[in-house]
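A.B. asks: Residue numbers (my numbering), protein chains in the order written: chain C, 1 to 247; chain X, 248 to 884.
You may find that some hints are simply not true.
[Said to hold, decoys possible] Cβ-to-Cβ under 7 Å is the rule here; a few derived chain C residues that face chain X:
| hint | residue |
| --- | --- |
| 1 | 31 |
| 2 | 38 |
| 3 | 43 |
| 4 | 45 |
| 5 | 63 |
| 6 | 65 |
| 7 | 85 |
| 8 | 110 |
| 9 | 111 |
| 10 | 121 |
| 11 | 133 |
| 12 | 134 |
| 13 | 139 |
| 14 | 144 |
| 15 | 145 |
| 16 | 185 |
Keep in mind that the hints were calculated from the coordinates and are not lab data. By construction, the Cβ of each residue, glycine as well, lies at the ideal position given by its N, Cα and C atoms.
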Amino acid sequence: MNLTLKIWRQKDRNTTGEFVTCQARNILPDMSFLEMLDVVNEDLTRSGHEPFAFDSDCREGICGTCSLVINGIPHGGQKGATACQLHMRHFRDGQTITVEPWRAKSFPVLRDLVVDRSAFDHIIASGGFVSVNTGGAPDGNALPVGKVDADQAMDAAACIGCGACVAACKNASAMLFVAAKVAHLGLLPQGQSERYQRVVKMVNMMDQEGFGACTATGSCEAVCPKEISLDFIAQLNRDYLVGCLKP
Amino acid sequence: MNLDAKIPSGPLDKKWEKCLLEMKLVNPANKRKFEVIVVGTGLAGASAAATMAELGYGVKSFCFQDSPRRAHSIAAQGGINAAKNYQNDGDSIHRLFYDTIKGGDYRAREANVYRLAQTSVKIIDQCVAQGVPFAREYGGLLANRSFGGAQVSRTFYARGQTGQQLLIGAYQALERQIGLGNIRMFPRTEMLDLVLVNGHAKGIVVRDLVTGEISSHSADAVILATGGYGNVFYLSTNAVGCNVTAIWRAYKRGAFMANPCYTQIHPTCIPVSGDHQSKLTLMSESLRNDGRVWVPKVKGDKRSAHQIPENERDYFLERKYPSYGNLAPRDISSRAAKEACDDGRGVGPGGLGVYLDFADAIKRLGADKIRERYDNLFVMYETITGENAFEVPMRIYPAVHYTMGGLWVDYHLMSNIPGLFVLGEANFSDHGANRLGASALMQGLADGYFVAPYTVGNYFATNSVPRPSTNHAEFKKIEAEIHHRTQNLLSINGKRTPTSFHRELGKLMWENCGMARTDESLRINLKKIPELREEFWRDVTVTGANNSLNQALEQAGRVADFLEFGELTSRDALERKESCGGHFRTEFQTAEGEALRDDENFAHVAAWEFQGEGKTPLLHKEPLVFEELKMSQRSYK
Ligand SMILES: Cc1cc2nc3c(=O)[nH]c(=O)nc-3n(C[C@H](O)[C@H](O)[C@H](O)COP(=O)(O)OP(=O)(O)OC[C@H]3O[C@@H](n4cnc5c(N)ncnc54)[C@H](O)[C@@H]3O)c2cc1C
Ligand code: FES
Chain C
1 MNLTLKIWRQ KDRNTTGEFV TCQARNILPD MSFLEMLDVV NEDLTRSGHE PFAFDSDCRE
61 GICGTCSLVI NGIPHGGQKG ATACQLHMRH FRDGQTITVE PWRAKSFPVL RDLVVDRSAF
121 DHIIASGGFV SVNTGGAPDG NALPVGKVDA DQAMDAAACI GCGACVAACK NASAMLFVAA
181 KVAHLGLLPQ GQSERYQRVV KMVNMMDQEG FGACTATGSC EAVCPKEISL DFIAQLNRDY
241 LVGCLKP
Chain X
248 MNLDAKIPSG PLDKKWEKCL LEMKLVNPAN KRKFEVIVVG TGLAGASAAA TMAELGYGVK
308 SFCFQDSPRR AHSIAAQGGI NAAKNYQNDG DSIHRLFYDT IKGGDYRARE ANVYRLAQTS
368 VKIIDQCVAQ GVPFAREYGG LLANRSFGGA QVSRTFYARG QTGQQLLIGA YQALERQIGL
428 GNIRMFPRTE MLDLVLVNGH AKGIVVRDLV TGEISSHSAD AVILATGGYG NVFYLSTNAV
488 GCNVTAIWRA YKRGAFMANP CYTQIHPTCI PVSGDHQSKL TLMSESLRND GRVWVPKVKG
548 DKRSAHQIPE NERDYFLERK YPSYGNLAPR DISSRAAKEA CDDGRGVGPG GLGVYLDFAD
608 AIKRLGADKI RERYDNLFVM YETITGENAF EVPMRIYPAV HYTMGGLWVD YHLMSNIPGL
668 FVLGEANFSD HGANRLGASA LMQGLADGYF VAPYTVGNYF ATNSVPRPST NHAEFKKIEA
728 EIHHRTQNLL SINGKRTPTS FHRELGKLMW ENCGMARTDE SLRINLKKIP ELREEFWRDV
788 TVTGANNSLN QALEQAGRVA DFLEFGELTS RDALERKESC GGHFRTEFQT AEGEALRDDE
848 NFAHVAAWEF QGEGKTPLLH KEPLVFEELK MSQRSYK
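Isolated chain C (complex conformation) (with noise of 0.2 Å):
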């Protein structure tokens, strides 16, 4: 099939970007949706143009590298996929596609559809972790974890940090992120000593990095490619509420 897009160009962090448009030709439906760049791309360097900067790596939906909005929609709209998982066959012969990078203040473009998003890795240091050194630990059965408490604390796990609740919220807020990180931890026996000051310290590095607020449209659950629950959103809340307490 062949395609149209408008895809964003942006030169660096600096300059202002804009859509242009380009053709996508002798798409298959088989291809993902970023072989259908690549090809894009080949085409373009075979002609002696710039291709267009994405960022990638696994392709295959567990990296959470991949960051394209696609017609609008953070990863394209499919159910549970990253872009990389997106595969052109959801498409039609024809169609125009819109392709442009996250949006939000906290992630600025770098160049074209590649985003900066350390921000998420400055939440984590915050106190994303349970402060264990190497060495010392007991027996990783000392501790029975009940089999409920840990498939829930997997649920929030499996959040990849793409960033594409922060692409689809209205207010550019981190809270899916952030609430995935706190369940993980929190819902684990050995994140507990921690537990509360941990959602304190994150949430104020997540206002400092200069996230918006979160008012429960729930945007963010709907383009997850993991599903992370919105539950875990009031968990965190309840969590930081004890957390500002505590003395």
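Given the coordinates of chain C, assemble chain X with the ligands onto it according to the supplied hints.
C.D. replies: Only chain X with the ligands this time, still in chain C's reference frame:
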């Protein structure tokens, strides 16, 4: 040149303890004076960086992705081995050691592997303490599954995302140290060369992938944990960014490259669907616990799977290897699949596929149980192929997956260049000629959490070459070389894209140096790869500029290195005139078609030394001595 592996004397199970005791310690007050560069933030790199920072050393950490959390380790699905014997099924350190040596077809060092098995136990404890959400039984204890090449259940897992969860644990430890100011992190930064001063590794030269700036970093020691080179085949299960550059540049500065021809072809990947394909997707081999592998008994059978009755199916792994069945090791399973397809009995487009059928398991355990076990794998399969594996059997085909070769290291994980340590998939150390499933994660974390932090400390305590300033002439010289190379790439203005060269190289590698290799096919590569390389430097086109984010330039640099590395790999494969593990030379096989080792002439590590551009590299041999185990013909029958 004598390759001294520095293996401690004494009984196997006391060697590591003895080594620990004999190593010199750095006075705690002096630790902060030492700085280490860690390139790579996968399991090996992140765990090493975090642990060294916890110990008080200054650490600089580098990765080319936008965040350390995105290293390729994230993609590991199946699990991590440890000799915990939680299942009471007779596992032990010795058994894990034995399985690993045997699985590696007697081409790994006993001492290293034994230490790995010993350390495995601590890894699980450490990860649990960090909050890694391993799968649990209802009683709250850790769950296990079994994996290829083992008859015990020793694999720990976190749904189908074990790599992600372990990496997030290591990444969080890393971020914690970044927050504390003990690690300086350089994401989106690519190491382009290693710098030696007075023969010791003392720094690296990097390119900032956002601004294009070339800069130097000096340190007291350098750790490379830069992952595997499977993408020399272009198509592999590796992330598209995985590359050989860091270890290749170190090789060209004098580090020895060991056993590059040992590449693992994984039996359970989704078959190739067309030329556009940018990577292959692995279906975790844990699927082989419940899936049965088969092809039709007769050639060219075009019926759909459902229409082929039971007695017309060939469950070839169960038939050929009754005691291991569908859990036969990877190299054996891959080759068996290839043989079935070569025999004209392959299924799916082009006949390049075999079935992995869950119908029996679903009947036995119910669809829910299967869904719970393999969760995202079935979804992933459907996303890519559009087929539902609960209804029709999966189609799988082998694909390049893991590289056992890498830079040569001694028992301390130090290369032959003093001060250069190599961890994880980037080194050659523990898997011999074939790696067992769920053992790479184990090795990466063993290296990073529990080995390098001590051995690098020992190097600090005993070495005499101080950390140079980055104004040192050597840094300036190498920076200039890199500028020159970059300008060169950008000014060729030829007609072919870097990808087209990469693809062509990959085809040569897959056809001539893939699952089955011959003297003839390898010689073709030794002729064609240099020709392709020459064409690359004459006709490649790299658009854009040096001083900005330029993915074409990044890619061109990596492809240029693969074009050199592919030749060395083929040469190594040619030189190894035997079959072992993942290295199958058609000329050397038993009457039943199994790999035929030549222990008399090839029980050694092949370590290659760079001799200069255009010159044939020099081969060094480190003999492998088996004191504990007797080398025997592997049998999984
Ligand atoms: C799909 C898949 C599934 C797997 N499943 C399993 C499994 O179930 N169990 C198991 O044990 N093993 C598994 N493996 C193997 C295992 O995941 C890897 O061998 C292991 O994770 C490698 O870890 P590493 O730390 O050595 O390297 P990686 O995780 O690959 O990390 C490499 C790091 O080096 C950095 N880097 C590389 N080059 C440069 C450079 N020039 N400059 C700067 N930085 C650089 C990268 O940015 C990255 O941070 C799997 C592999 C694949 C491909
Ligand atoms: S490229 Fe890894 S999630 Fe898309």
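A.B. asks: Quick one, is the residue 110/C hint okay against chain X at 7 Å, beta carbons?
C.D. replies: 6 Å, holds
A.B. asks: Is the shortest C-beta separation between residue 38/C and chain X less than 7 Å?
C.D. replies: 6 Å, holds
A.B. asks: The hint names residue 85/C as touching chain X; please verify it with the least Cβ-Cβ distance against 7 Å.
C.D. replies: Because about 5 Å separates residue 85/C from the closest Cβ in chain X, which is inside the 7 Å limit, the hint holds.
A.B. asks: Could you check if residue 185/C really has its C-beta closer than 7 Å to a C-beta on chain X?
C.D. replies: 5 Å, holds
A.B. asks: Quick check on the hint: residue 121/C CB to chain X CB, less than 7 Å?
C.D. replies: Hint holds; residue 121/C Cβ to chain X Cβ min 5 Å, cut 7 Å.
A.B. asks: Should the interface hint for residue 139/C be scored as holding, given a Cβ-Cβ cut-off of 7 Å against chain X?
C.D. replies: 6 Å, holds
A.B. asks: Does residue 145/C pass the interface check with chain X, least Cβ-Cβ distance below 7 Å?
C.D. replies: The hint holds - residue 145/C has a Cβ within 7 Å of chain X, the shortest such distance being about 5 Å.
A.B. asks: Residue 65/C was flagged as interface toward chain X. Is the shortest Cβ-Cβ separation under 7 Å?
C.D. replies: Nearest chain X Cβ about 5 Å off; hint holds.
A.B. asks: Mind checking the CB of residue 111/C against every CB in chain X and telling me if the closest is under 7 Å?
C.D. replies: 4 Å, holds
A.B. asks: For the restraint on residue 63/C, tell me whether the closest CB of chain X is nearer than 7 Å.
C.D. replies: 5 Å, holds
A.B. asks: Let's test the interface hint: is any C-beta of chain X closer than 7 Å to that of residue 134/C?
C.D. replies: Since chain X brings a Cβ to about 4 Å from residue 134/C, closer than 7 Å, the hint holds.
A.B. asks: Given residue 45/C as an interface hint, is the shortest Cβ-Cβ distance to chain X below 7 Å?
C.D. replies: 5 Å, holds
The structure fails to meet hint 3 from the earlier list, while all remaining hints are met.
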